[in-house]
Every structure is written in structure tokens, then in C-alpha cells.
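Number of protein chains: 2
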Amino acid sequence: MGLIRKAVSQLKDYVPGKTPSDPKAIKLASNENPFGPSPKAIDALKKAADRSQVYPDQQARSLREELAKAFGLTADSIVIGNGSDEIMLMITTAFLSADEEAVICQNSFSLYEFVTRLLDGRPVFVPLKNNRQDLAAVAAAITAKTKLIFLTNPHNPTGTYLPVTELAAFLSKVPKEIIVVIDEAYAEFASSADFPKSVELLKLFANVIVLRTFSKYYGLAGLRVGYALARPEIIAPLLKTKLPFNVNRPAQAAAEAALGDKRFLEKTLKNNGEGKNQLYSAFDSLGLEYIKTEANFIFVNIKKPATAFCQEMMSRGVSIRPLTSFGFPEAIRVSIGTKDQNNRFIALLKALL
Amino acid sequence: MGLIRKAVSQLKDYVPGKTPSDPKAIKLASNENPFGPSPKAIDALKKAADRSQVYPDQQARSLREELAKAFGLTADSIVIGNGSDEIMLMITTAFLSADEEAVICQNSFSLYEFVTRLLDGRPVFVPLKNNRQDLAAVAAAITAKTKLIFLTNPHNPTGTYLPVTELAAFLSKVPKEIIVVIDEAYAEFASSADFPKSVELLKLFANVIVLRTFSKYYGLAGLRVGYALARPEIIAPLLKTKLPFNVNRPAQAAAEAALGDKRFLEKTLKNNGEGKNQLYSAFDSLGLEYIKTEANFIFVNIKKPATAFCQEMMSRGVSIRPLTSFGFPEAIRVSIGTKDQNNRFIALLKALL
Chain E
4 MGLIRKAVSQ LKDYVPGKTP SDPKAIKLAS NENPFGPSPK AIDALKKAAD RSQVYPDQQA
64 RSLREELAKA FGLTADSIVI GNGSDEIMLM ITTAFLSADE EAVICQNSFS LYEFVTRLLD
124 GRPVFVPLKN NRQDLAAVAA AITAKTKLIF LTNPHNPTGT YLPVTELAAF LSKVPKEIIV
184 VIDEAYAEFA SSADFPKSVE LLKLFANVIV LRTFSKYYGL AGLRVGYALA RPEIIAPLLK
244 TKLPFNVNRP AQAAAEAALG DKRFLEKTLK NNGEGKNQLY SAFDSLGLEY IKTEANFIFV
304 NIKKPATAFC QEMMSRGVSI RPLTSFGFPE AIRVSIGTKD QNNRFIALLK ALL
Chain R
4 MGLIRKAVSQ LKDYVPGKTP SDPKAIKLAS NENPFGPSPK AIDALKKAAD RSQVYPDQQA
64 RSLREELAKA FGLTADSIVI GNGSDEIMLM ITTAFLSADE EAVICQNSFS LYEFVTRLLD
124 GRPVFVPLKN NRQDLAAVAA AITAKTKLIF LTNPHNPTGT YLPVTELAAF LSKVPKEIIV
184 VIDEAYAEFA SSADFPKSVE LLKLFANVIV LRTFSKYYGL AGLRVGYALA RPEIIAPLLK
244 TKLPFNVNRP AQAAAEAALG DKRFLEKTLK NNGEGKNQLY SAFDSLGLEY IKTEANFIFV
304 NIKKPATAFC QEMMSRGVSI RPLTSFGFPE AIRVSIGTKD QNNRFIALLK ALL
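Chains E and R, in that order, are what the protein sequence lines are.
So for the first sequence, this note's numbering puts the first residue at 4; every next one is plus one.
So for the second sequence, this note's numbering puts the first residue at 4; every next one is plus one.
Any given hint might turn out to be false.
Pairs count within a copy or across copies, as identical chains cannot be separated in the list.
Unchecked claim - With a Cα cut of at most 25 Å, we get these calculated DMTMM-like pairs of lysine to aspartate or glutamate:
{"id": "1", "residue 1": "Lys176", "residue 2": "Glu116"}
{"id": "2", "residue 1": "Lys243", "residue 2": "Asp16"}
{"id": "3", "residue 1": "Lys15", "residue 2": "Asp60"}
{"id": "4", "residue 1": "Lys9", "residue 2": "Asp79"}
Keep in mind the hints are simulated off the structure, nothing from the lab.
Looking at chain E on its own, in the form it has when it is part of the complex (with noise of 0.2 Å):
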């Protein structure tokens, strides 16, 4: 059809993770939390149902004040967006101009070349080297046309992780008219301890973009909360691109609920510490390749067709994610699940493969 931007025309189709429709399976396909969400966040949204009719806060104000307080910045240093994906949006929208450049590391969340290519940007593509983002051959990629990065840390779906040291070597070398955006959408399970602290690396340069979303360790992914943390400078023309009402009323109401509900973030991460070991041991006495992970999910490499595996997984009643669409058509993401969850997968693997 003529009448379709260039742009649009060139754009691949998302492949989600696969909800199964039977209410017996589980789904370890989409990193979502396997408590299910937050059950403060979830009183909070029943309690603002009722007022469904109003519109969103434009500003999300209460949201917004609330992080503030937990990472100790102000308020103007934060964007909420529907999910952390429409953030990457309003983060194109705002910076990048036709045919600017935006380097992305192969084998990544999908969305960051989708968000470059829907304003006509040019996607620069550099190779993971042994399964971690190679910063150097990112830093070579810069070009006079370059005006983003995107970096994910922990990285999916391999699960490494970019150490602050690294990171920030990295960082002092980016030109400062380049905005480099770390998307950490799975920082809260990192426990290394050279894992960055995004607020620090805020405060050495100002040309960072941290996304965060509720979607994961929150356990909120059905209620598109995310945010970004980065200077006010930085977060102002984000604001002005945003749609007005861009976030849910209840889910605004929802996610700060999350934020103080410490017993579930507990809960989460010390499920996340076994559930890792648990599967580490079962994929150990497999035989089978994996990459240790700084998430809530594990990457293994199980060299036969990854599809066709899930899709047999599937009729068995277990939903992972097949890495083809990653670009790794040998190897699966599984989500950490609950201790039942993930014997359930480890049964059915070891049946299968």
C-alpha cells in the first residue's frame, strides 16, 4: 500500500513470549514475577477502580515523588511511560532525527531497533562477543551521525552483565552529545557486586538514560508502568513528547503500592538466589550449556531447533521462549519460577530432550 511511511513499511513484527490458554500450564516465557504481582499493588488497584472515570494524573506526580525519595533524586529527574517500551519511544521521538544512528548490540530486546526505525533513524548493529555486549567494538561503531546507544543491563537474553567499572570507562569515552541509554529492566535481581548503581552513574554523566519498569521484579507487566531515570535536562523534552494521559489511572496507583511492599520484593529475590541454583544443578547434570545469569531468567543452549522445542514444551503444558527471534535459533530463555514451576520445567526438559 503507497500510502505507508517507508519507515513502517520495514518494521518487523514483535514476537511475544506465549501466554498458554490452559490454566493448568505455567508460562516461564516472558520473565513476568512468579508470585504473581505485588499483592499491595493489587489492593491499590482495586481501591482506585472506582474512580476509573477520571483521567490519569497527566504528570504522574504521586508516582514520580515516590521514586524520588527511593533513589534520592528529585522528581524532574523522572518520566513515567506505559511500560518502559513507550519510554524508548518518547526517547527516539525527542532525540533522534532522520537518518541519525543509533547503536544496538546484536541478539537484543527487539524494541530498540523498532523505536530507532519508526523515526527513520538508522540502527547500527555490533556483535555480542562471548555472549556479553562488547563495549569497545560499541565505542568503535560511534560515528559523527551517531546520536544514541542502547545498552541493557543485565542483558537479555543472555543474562550477563555490564560491571560499573567497565561501564563506566565506557561512559568517559561516549561523546557527551550522545545519549546513552541503560535499559535495566532486570536490575533489581543483579546481586554481583560490581553490578552498577544507576543513581551514581547519573551523577557522573549526564548524558545517561536509565529505564526501569514494574513489569518484572514488581510482578506489574499486565499494568505497563516503566520509568526513566536521567538528568531534568534530559527528562524535560521526554515529557514534552509524551501523550498527555499516557499512564493507566489504577496503575499508577498500583505501581507506588509496589514500591513499599518489601516483603514481596523480599520474597522475589530470595525465590530468584534458589530458584537459579536450582535449575544451574539440573541443567548441570544435563549436560547442558548455560550462561550464569544477573536476572530472573537463564539462557541455555540446547542445540537442537529452539521453535519447534517450545512448541513441544507448549503441548505439555510449560511455556519458555525460543531464541530464534533473538537470533539464536539453538538455544531457549527460561524464567526463574517458583520451586514447583521450575521442577515442572526441569521434568519435562529432561523428558524432551
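Could you slot chain R onto chain E? The hints should help.
Just chain R now, with coordinates in the frame of chain E:
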């Protein structure tokens, strides 16, 4: 800041209707449903809340199928947005290339200009004529660069409407390569026999997109659910530009339930008809100029600075909308409320005029 895209630095800030912080105050500023949200919608929202850790259905299949049934269309004729605002952005993203023109009636909803500028398009403004959209002037504004035309029916903020014969005659003159967006956010309130039936327009004209919303009639402004009806070949590129998980999961369930809440909808329409007459009588007895409305709000010419007047009303507990940002500095827009709300507004209006 030199980093920002040129289009973004030219954007105007959105001016929302004010939500009073005082719980005893009433809000007649944003055309929200005075009965609150549809009770069936709220039940569905609460029921869906417990599964908020799961990503929403990317395709919103269930809601689209219900809407398809309601309109006698197929689901591929429908796209769901995070409010119809988001669909407006999908439309410019899918169709409007840099420097192409969008024809927009002056004194209308500000988002049409906003989404046009975000995509580097050029808004071409056409004045209203006797407070009505002037279709002859719109047709005359078409050039070789025109890609989009934005109409609103009924019109916000005047409440006037385009009758079916006038609109159809206009559409039959518009070249097929130009997409005509008809924003029907308030169409459910229209009571005139010659108000167009959207589905009939779609049958006759392949280049029409009809926008609808759950924010007004269904009372779900806080949940952000809008939709568009168009031919499948127009909907397909919109689906391509949309962020994967753009509509909150419980909100999808709530919208679907609201569709079937016949009792709530009848009550809403009955109240709107009665409230309209109640307000007309009051304005008549006060000798105020107003415009007969097809929507759930009334445009009133108060012949004094509206911003200051509305601030004064607000400080006495009634929030209404000054139309200064719409280009009518001496007019207000009042949403039709319940009988009691209307009485409170009328009493205060009498006291302050």
C-alpha cells in the same frame, strides 16, 4: 538544548481539565461520565487484577472481537489504543511523512496538531464557520502534499456536528490517497437523526478512520482504552506501528465488560438528555449565549476572561474548562453532570457572573 529534535522543540504543552484535590468539589471539566465508571467494567477490572503479572494480549483479541460483533465488522477492522490519543499517533506514524500536510480545523482538540508535529508533518489550519467545521474550506485546503484530514464529530469543544449528507458529500470529493480521520469520541451522545453511522461511512469510503473511546460514554477515562474502525488495509499498518503491549491488561477486560453494560449506558444517555435541557433553561434564564450540543458538554460564551473565571469557580468547588487554550478566551465548556452537579454549577455561575 541542541540535542532535541526540531519538531519537538516546537511542541505546545497540553492543557488538561483540572481535577480538584478537594473531595467535595465537582469536576465538570473533562467530559467524564458523572456516574463514574460502568459498574460491570469495574467488576471485571477487579477480577482481572490478580493476574496483573502477566503481559496483556498484544492483539487485544477478545476486546476486538466483541467490538467487531457490536459493529458488524471483522476484528481486523479494529485496533485498540492506550486511549484514542495513542491511535492518533499511530496514524501519523503510519502515514504522515516529513513535510506532508494534515488539514486540521482551528479551535479543535489539540492532539491533532501535536501528533502531526511529532512526525515532522505540517498542520494546515482551517477556521471554523459559525462554530462549525467548514467542510468547503477543508476541501479547498487540500494540496498535493495533503496526507491526512482530521475531523471531530460531534465537534469538541463546540458540540456542533456534521450531518450525514454533508459529510458524505465531502468524503466523496476527497482524493482516495488522503486519509480522513473522524474522531467520534462523543458520537454515542449524538441524538439527531441525521448524525452519521460510522459503519456506513466505512462501507462507502475506503480512506476513512473512525476513532472511538471508552473514556466518555463508558466512564473509563482513567483506564486509557480507545479504538479505531477502518478497512483492514488501513488497520494493518496501524497494528505494525503500535508498541507490542500498549493496552493495560485489566483495562482490556474492563472495556469488554463495559460494552455489555446496557443499563449503565441507558442511564448515561437519559441523564445527558435531561441535563442538557436543565442547563439550556438555566443559560436561557441568565441570558447567556450557548451552542446546542450533540455531545456531553456545552459551549457557553461568558463574554469575560474565561481562565480567571474558571479559577474562581474552581476555588468555590466547581471545575469547568476555560476554552482559552482552544482559542476562545471568553468561553467555557461545561460537562453535563448529574442533576445535582448541574444545579451546583448553575448556582455558582449565577453568583459569579
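Structure-based check of each hint:
1. Taking the shortest alpha-carbon separations for Lys176 and Glu116, only the intra-copy value of 23 Å comes in at or below 25 Å, while the best inter-copy value is 40 Å.
2. For a Cα distance limit of 25 Å, the shortest separation of Lys243 from Asp16 across copies, 7 Å, qualifies, whereas the shortest one inside one copy, 28 Å, does not.
3. For a Cα distance limit of 25 Å, the shortest separation of Lys15 from Asp60 across copies, 18 Å, qualifies, whereas the shortest one inside one copy, 33 Å, does not.
4. Taking the shortest alpha-carbon separations for Lys9 and Asp79, only the inter-copy value of 22 Å comes in at or below 25 Å, while the best intra-copy value is 36 Å.
Of the numbered hints stated above, none is contradicted by the structure.
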